[in-house]
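Build the complex from these two chains, which are given one at a time in their own frames, with help from the hints.
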Amino acid sequence: MYKYHSSYFFPLFWLRFYSLARYLLLHFQQHLNGVLLVSQSDKQNLILVGNGMAGMRTVEELLKLEPEKYNITVFGDEPYGNYNRIMLSPVLANEKTLEEVMLNDDNWYQENNIRFEKGKRVSEVDRVAKKVIAEDGTELPYDKLLIATGSTSFMLPLPGADKYGVVGFRDVKDVDTMVEAAEHYKKAVVIGGGLLGLEAANGLMKQGMDVTVVHIMDTLMERQLDEPAAKMLQASLEEKGMKFLMSHSTEEILGDERITGLKFKDGSEIEADLLVMAVGIKPNFVLAQAAGLHCERGIVVSDTMQTFDPNIYSVGECVQHRGGTYGLVAPLFEQAKVAANHLAELGYGRYEGTVTSTMLKVTGIDLFSAGDFHGDEDTDELLFHDVANGSYKKLVIRDNVIIGACLYGDTIDGTWYFQMMKDGTNISDFRNTILFGQAHLGDAGHGDETRVASMADNAEICGCNGICKGEIVSAITEKKLFTLDDVRSHTKASASCGSCTGLVESLLAHTLGGDYSEAPSKKPMCGCTELTHDEVRQAIRKHGLKNHEETRKTLAWKNDDGCAVCRQATNYYLLCEYPDYNDPESRFINERAHGNIQKDGSYSVVPRMFGGMCTPKDLRAIADVADKFNVPEMKVTGGQRIDMFGIQKEDLPSMWKDLSEAGFVSGHAYGKAMRTCKTCIGDSWCRMGTQDSTGLGVKLEELTWGSWMPHKYKLAVSGCPRNCAEATIKDFGVVCVDSGYELHVGGNGGIKVRVTDYLTKVETEEEVLEYAGAFAQFYREDAHYLERTAPWIERVGLDKIKQAILEDESNRKELHERFLISQKPAQIDPWKQHAEGVDEHQFKNIKIKVEA
Amino acid sequence: MSNWLEITSLDSIPVLGSRVVETDTVNVAIFRGKDDNVFAIKDECPHKQGPLSQGIMHGDSVTCPLHNWKISLTSGEALGADEGCTNIYDTKVEDGKVFLSLKK
Chain A
1 MYKYHSSYFF PLFWLRFYSL ARYLLLHFQQ HLNGVLLVSQ SDKQNLILVG NGMAGMRTVE
61 ELLKLEPEKY NITVFGDEPY GNYNRIMLSP VLANEKTLEE VMLNDDNWYQ ENNIRFEKGK
121 RVSEVDRVAK KVIAEDGTEL PYDKLLIATG STSFMLPLPG ADKYGVVGFR DVKDVDTMVE
181 AAEHYKKAVV IGGGLLGLEA ANGLMKQGMD VTVVHIMDTL MERQLDEPAA KMLQASLEEK
241 GMKFLMSHST EEILGDERIT GLKFKDGSEI EADLLVMAVG IKPNFVLAQA AGLHCERGIV
301 VSDTMQTFDP NIYSVGECVQ HRGGTYGLVA PLFEQAKVAA NHLAELGYGR YEGTVTSTML
361 KVTGIDLFSA GDFHGDEDTD ELLFHDVANG SYKKLVIRDN VIIGACLYGD TIDGTWYFQM
421 MKDGTNISDF RNTILFGQAH LGDAGHGDET RVASMADNAE ICGCNGICKG EIVSAITEKK
481 LFTLDDVRSH TKASASCGSC TGLVESLLAH TLGGDYSEAP SKKPMCGCTE LTHDEVRQAI
541 RKHGLKNHEE TRKTLAWKND DGCAVCRQAT NYYLLCEYPD YNDPESRFIN ERAHGNIQKD
601 GSYSVVPRMF GGMCTPKDLR AIADVADKFN VPEMKVTGGQ RIDMFGIQKE DLPSMWKDLS
661 EAGFVSGHAY GKAMRTCKTC IGDSWCRMGT QDSTGLGVKL EELTWGSWMP HKYKLAVSGC
721 PRNCAEATIK DFGVVCVDSG YELHVGGNGG IKVRVTDYLT KVETEEEVLE YAGAFAQFYR
781 EDAHYLERTA PWIERVGLDK IKQAILEDES NRKELHERFL ISQKPAQIDP WKQHAEGVDE
841 HQFKNIKIKV EA
Chain B
1 MSNWLEITSL DSIPVLGSRV VETDTVNVAI FRGKDDNVFA IKDECPHKQG PLSQGIMHGD
61 SVTCPLHNWK ISLTSGEALG ADEGCTNIYD TKVEDGKVFL SLKK
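These protein sequences, in sequence, are chains A and B.
Here the first sequence stands for residues 1 to 852, where the numbers follow my numbering.
Here the second sequence stands for residues 1 to 104, where the numbers follow my numbering.
Simulated from the structure, these hints should not be mistaken for lab results.
Fair warning: this is a prediction, and the values are worked out from it, not measured in the lab.
A hint or two may mislead.
Stated by the list, open to error - Beta-carbon label-pair distances, calculated as ranges:
id	chain 1	residue 1	chain 2	residue 2	range
1	A	K752	B	A81	23 to 29 angstroms
2	B	E22	A	Y758	31 to 37 angstroms
3	B	S101	A	E726	54 to 60 angstroms
4	B	N87	A	A539	54 to 60 angstroms
5	A	K752	B	G80	42 to 48 angstroms
6	B	G80	A	C614	42 to 48 angstroms
Backbone N, C-alpha and C define an ideal beta-carbon position, used for all residues, glycine too.
Okay, chain B solo, but in the shape it has when bound (with noise of 0.2 angstroms):
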């Protein structure tokens, strides 16, 4: 079952860009694509724990800052010829409203 958050406007989240939610285990980066999809993926690089969040995104992958891994936000998997992985979260958009699901 799904325990869905409230999270934010869309509006607050920059085409292409991400914003990051605090909880009191996990922070999560929140990203807005081109076409409003959003996507939502612990803030954390599999490779060596870099922001995911200050990441460059494109398509549905987001480039870590430190190291230049590219991870999929669809799959939380490090893309090319690097290994590793890092969870990914459901989200859903209605009315404008973010939201976001912890549980898996």
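Bound conformation, chain A alone (with noise of 0.2 angstroms):
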């Protein structure tokens, strides 16, 4: 003690507690975010090398998934928040600004809470003491790291390439030192004819420049483009007034302090004060190879995007995963949202490589390409070429699917083509016609405006919520929105229907560029899960889970619960797999109440009338059930009964009492159910018909009905070729001939009318309610939940069905078998069951008087 107290009053120990109290002050002034901080809370740290699309989009997942898992970090070497690199060539051009292309600004970090490294390149990577160490000193710990370092131009090493003026095609930095350049100089040229160097030729001649362009190659676009559609693009640029020196090979690059210009091989020569090379770009693994993580080409991850340190994830152009290396931003997205599962734990996003498609961001230039374009002796090549009108599409087909697309001039089918090409879709339904596009096939599933790019800003995309394609570009632009989802829930377009989905994505792609063709390979069924509908209902079948439970515990659903999307469907797929399973908290309002629930909250009921048919005492029951309980208003349906509106859903069950004693059962006109038999009279008294249409009609209805279905199901039975039933608009039609019936599936008088597809003909009634019974269960078997047979029958092919009823009889018995099981419960008619008091709770209000 006494030495202590003494030591008060030596002068050097007070200078030294100064000083160290100083630097103490300081020190934590400057980790007052970071260090002192993040050791006090009990989150783990998160440190993000690269701020670039690759990593923030992998943040922004996480934030999605777990946004109080991490203390996050992000280092950026740029003086930037995150940019659209994409988007640079744009502003380039001046088409865009910086600000505009800017995903996350600096607010954007703060409300977040993440702490920005603007500015500080790491220098190292201590895995021992797991720590990041940027070049100005800042030190900082991580649990989780995550490498996002890019990639860099790939810089010729030509004699001289250290001149003034010469720069890659990568950042900011460029566009402002091309920018600068053009400001004083004339002529640039661009090494290199692939998709950066034409959008930095067309850039710079934007900018006032005069461009050429050198290429080894004797076509632009190599690794795109076939040798037609590469002349079509040379000669439209340089129409645009682009110069090209094809199979030129750069030997040296000549000047004193700055370029003066290239000495090619061939010995000839061009002037030049700019030269952009855009020869490539390699994957910037530096950091990480330092730091001793197993590196080829790029940062070796798993497909779970790890790299050989399981603390330590990598994604983007950096990262070489199963032996590729990807530089467009699809892959960079899918990559990121695997990383986020991973960093937030969930533990089972798996990136099995990405086939990717280009667009080139020249104005006024539509190409598009995918795949294998080249094709080889097993392929066949579909070919269109206009060459007045500029036009040029290229399909190439191995065993009818699409496996390459080159296209110039129209390019609004890319997506579609696109699509097909990833889902492996059989094209030999409407081969003939698939190079006209999409516009000319009789789609289900959308309107025939598929040319978004011509629509007009106030031409309305989605019908359900009047939404105009001006509104969803805006939204699009303005909001930085990327996906679908997105797009839905700020704009609500076609988050009602859907039907006019395929719009949004096209106007997506065509607002995005190429590089956002995102529709994603794999849709998961919804943000609950990354499980595709198929994928949901495999597992239930495989599993044999029971319930719902157990289907969303067994594979990792996000939220306990589920959401409105997912319980449906996956009630839908437990019922169809367990006919007497049903759980009325994950069905549709519709379905629970049986009746369909009105704007003002309302119920409506239709009673079954089979085949249409009716008798006056049937007619006298309705009257006075709508009498008793005063019904507003009542109407004939389009599929041949009554339907009574205006029901208060306290009166539902003692109506269905009364209905239920006359005979009635419920319609089902408020689920996804079998719906109705449409029939015609047929030869009991037409003249023209030529079977016993209603009766037919009566006896499908009767073996049909209760059947929950994917989607509504309607059928009809027309008793002559005249179609009086429109049988040929129905998910199930038969039109009676002389010598016995034709049927007919996948019509749809819905969104998108469109024409039954002829299945077969038979010859008696019994095969008729063998087939319907057989066709009804592979739909309900095979379809997505919400899918209605005209988009399954496009989305699986005709054939499909042909082989499963058609061609294997003892498949189809066995489908006619499961058919009969699955109604057994289907048919206890659930008005009755409910006017006896079942679920009798959602019926009964609770009346409470409160004392003011």
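Here is the structure:
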């Protein structure tokens, strides 16, 4: 004690104490937001090195999944927030400003509590101490590290490459250099006739420079275009004023301090004040390699985007995945999703590589390419070449599946071809018209206006919510939306009936440029899972999952209770597997209350009238019920029965009781279920009739009523080919002819009219019933929930249906048998059950008197 | 001060389901979560007055049956990109009975 006391009076101690205190204070301030605070919380530290699109997308995905899990720090060596690198070409071309292409500005980092080390280059990763060290000395510890250092321009090692005026085309700095050069100099040369080189050349021309593109090959964009398309591209670019030196190889860059020209191997020379090298990019893995991580052509990662160090993940252009590297944005975003999934410790995301497509962002030039567009001996080539109109389309087909596409001039169907290519769609049914595009296909899902690019801004895209093209486009650009889900939640476009989904996707692709043709090859069922409809369904079958909870738990749903979308879909898949299964709370209200909810919250009641047939007694009973319950409005429906509107929910059970006693069952007009079987009067009265269409219609409805389906399902029987019952726009239609019955499937009178496909002709009513049951069951077991027969058939192909129903007799009989089994519980009339007290609580409100 | 009104027994509300409480002034939707937590919200979507009681409940939110707006049962606010808010009310469960307070 004494010793300490005495030292207080020793001046040197005070001096030391002062400097130590000062040091600590400064140090503390410097790290106020960092180490010291970080170590006080329980959260883990996540550091992202590389403030680019892939890394930041991972952070955004992670924030969606687990916003509270990590203290996040982002290092970026550029003095900006995260910007959209793909849009640098439009920035160079003066079509966009840097602000417009900014994805995450400084505020964003603050709002999301992310520490942003702007303009700091990380120089070292110490994997033993688990910390990163930046060039300025900043040190931060990590629990998990994400490396997204991207790529750098590949600079040709030519003599003179270090002169002023020689740049790559990679970041804002390069763009600034080019713009500045354009102010003072005239002649620019771009080495590289690929995507990036042409976009740079186009931008420099827009900046007023005289631009020559030097390319080592004899055609442009040889990795994306075949020769005819490349020639067309070169011609249009030449028309715009771009010059080309094809098959030229540079030997030397001329000049003193600044470049003055280029010398080629053939001895010729060209003047140049600016040289842009756009010959490619190389993954930037210097940091990772120095840290001892396994790198080959990039940082080697597994399907979970993990490097050889389990605490370090990597995404983006710096990675090498399954031997390949990527330079387009769509794959990076898929990688980001997977990395975020594992950083959130959900543990089920897998990245399995991406099929990519290309578009060129040069205004006025439309080209699209994907896959193997050269083909070989085993492939067919579909070709459309209209020289005068500047239109060229080539599809490479193997076994009736698109494996490559190359489009020039008219690229509107690029995304459509690409989707089919990724899905492996069999195109044999429309092979002869496929080159004319989706608009010429009798498509069921979309309207026929797939030509979004040419639509006016005030053209309505989403008819349900009244959303026009202009609104969607400005939401995409202003709110920086990337995905269909983004557009749906911000604009409501395609969020209701979904029939304009294709249009909205095309709008996204066209507004954002080709790199964003992001229609994922795999569409998850909803935001609660990464699994598709098919995968969920297969899992239910394979693992014998018995109910909702088991399904969500086994398949690692993100939300315990799921959401309104997956609950309904899963409920259908479960009840299709187990006909007795039902979870009312996972049903849409219409199916829970067995009536259609109307906009004022009242319900409608539609009793079933088999085949549209009725008696005076039936009609009287309905009239009595309508009187008794003061039904405000009644209507004869398109399905040949009577709809009573404006019923209060509490009155439903007693109304059903009366209808049930009069012999009626539920018409299921409210369900994703078999609705009606429309008939014409047939040979019992009509002089044209060939068969007893009403009788057959009644039998068909008796067979199929009550069946729960992926979507609504309608039947019809016409007594002769005049087809008064409109059987050829029904899900299952029968057209009677003198010699038997023609069976038609997959028709739709709804959002987009689709005429049925002819399935087959049979001779007896018994056969009609067997085929009807088998087809219904195949649809029930195979289609996605909320997919009507029309889009289902277009997705899987009519061949698959013919195989299952026509060619394989025993399969048909088994399907029919399974349908009959499923019908046993389905044909217990829900109205009668509910009139007898099932689920009574939902129809009875609790009434309380509140004393004032 | 809360003014607790006894509404019904917990058992009479299905799990992940709802009941409607009618009062002189307002209809209130009562929801029961998976862990028997009970929520009360004005039975009117802030969008187009859809009856929230008829929606599908998940977690602590409900999806309106009319246009699929997602409404938080703890704040009454529309979730996601939608904007709007409806009233919520306090509830408690004691001895298997559900109580509601209509006062704020």
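A quick look at each hint next to the structure:
One distance hint, 23 to 29 angstroms for the beta-carbon pair K752 of chain A and A81 of chain B, holds here, with the actual separation near 27 angstroms. A beta carbon spacing of about 55 angstroms between E22 of chain B and Y758 of chain A contradicts the range 31 to 37 angstroms that was offered as a hint. At about 56 angstroms, the CB distance of S101 of chain B to E726 of chain A agrees with the hint of 54 to 60 angstroms. For the hinted restraint 54 to 60 angstroms between N87 of chain B and A539 of chain A, the CB-CB distance of approximately 41 angstroms leaves it violated.
Evaluation of the 42 to 48 angstroms hint for K752 of chain A and G80 of chain B yields a failure: the beta carbon distance comes to about 28 angstroms. Taken as a hint, the range 42 to 48 angstroms holds for the pair G80 of chain B and C614 of chain A, whose Cβ atoms sit roughly 46 angstroms apart.
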